[in-house]
Amino acid sequence: MSIFQSLSISGSALTANRLKLDVVSSNLANANTTRGQFVNGEWVPYRRKMVEVAANQTTSFTDLLQRELSGVRVNKIVEDTSPFQAVYDPSNPDSNEQGYVMMPNVDVTKEMVDLMAASRAYEANVTAFNAGKAMLVKALEIGR
Numbered sequence: 002m003s004i005f006q007s008l009s010i011s012g013s014a015l016t017a018n019r020l021k022l023d024v025v026s027s028n029l030a031n032a033n034t035t036r037g038q039f040v041n042g043e044w045v046p047y048r049r050k051m052v053e054v055a056a057n058q059t060t061s062f063t064d065l066l067q068r069e070l071s072g073v074r075v076n077k078i079v080e081d082t083s084p085f086q087a088v089y090d091p092s093n094p095d096s097n098e099q100g101y102v103m104m105p106n107v108d109v110t111k112e113m114v115d116l117m118a119a120s121r122a123y124e125a126n127v128t129a130f131n132a133g134k135a136m137l138v139k140a141l142e143i144g145r
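Number 145 marks the last residue of the sequence shown (this note's numbering); no jumps.
Accuracy of the hints is not assured; some may be wrong.
Derived lysine-lysine pairs resembling DSS-like cross-links, with alpha carbons at most 30 Å apart [what the hints assert, rightly or not]:
1) Lys-50 with Lys-77
2) Lys-50 with Lys-134
3) Lys-111 with Lys-77
These are computed hints drawn from the structure, not numbers from a lab.
Kindly produce the complete structure, drawing on both the sequences and the hints.
Dropping the structure here:
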């Protein structure tokens with residue numbers, strides 16, 4: 002593995018973790034949103050989103066022979082299919098005939114844990130990227 006490939010791996014992880022941070026922020030911002038999207042003539046609450054990440058395999062012949070990975074990539078952003086939470090609030094304009102309001106399936110505690118994990122992973126990849134960059138600089142200094 003070359004030093005440039007390690008920078009590429011760290012860079013792809015930084016991109017994936019940044020997207021995770023953006024999605025978690027969106028989930029937290031919409032944790033109390035009762036009107037997410039209009040479906041079949043009625044408003045449906047915001048549905049929690051999650052990022053799917055997979056290993057990014059390169060496609061060149063030599064890389065396939067060596068079975069090396071070159072970082073990660075985001076497969077897609079998927080919606081959580083867990084049920085919405087019913088909260089009794091008859092004064093809310095979005096409540097049904099029984100007085101229940103359907104709230105998003107966003108658990109703020111889970112989102113905060115995901116936020117901390119993505120933040121720590123981002124910091125770790127910044128550290129790895131900076132270490133690789135420092136090694137490149139030292140290698141260039143040796144050549145002088």
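Here is how each hint holds up against the structure:
| no. | hint | result |
| --- | --- | --- |
| 1 | Lys-50 with Lys-77 | 10 Å, holds |
| 2 | Lys-50 with Lys-134 | 34 Å, violated |
| 3 | Lys-111 with Lys-77 | 20 Å, holds |
Comparing the model with each earlier hint shows a violation of hint 2 alone; every other hint is respected.
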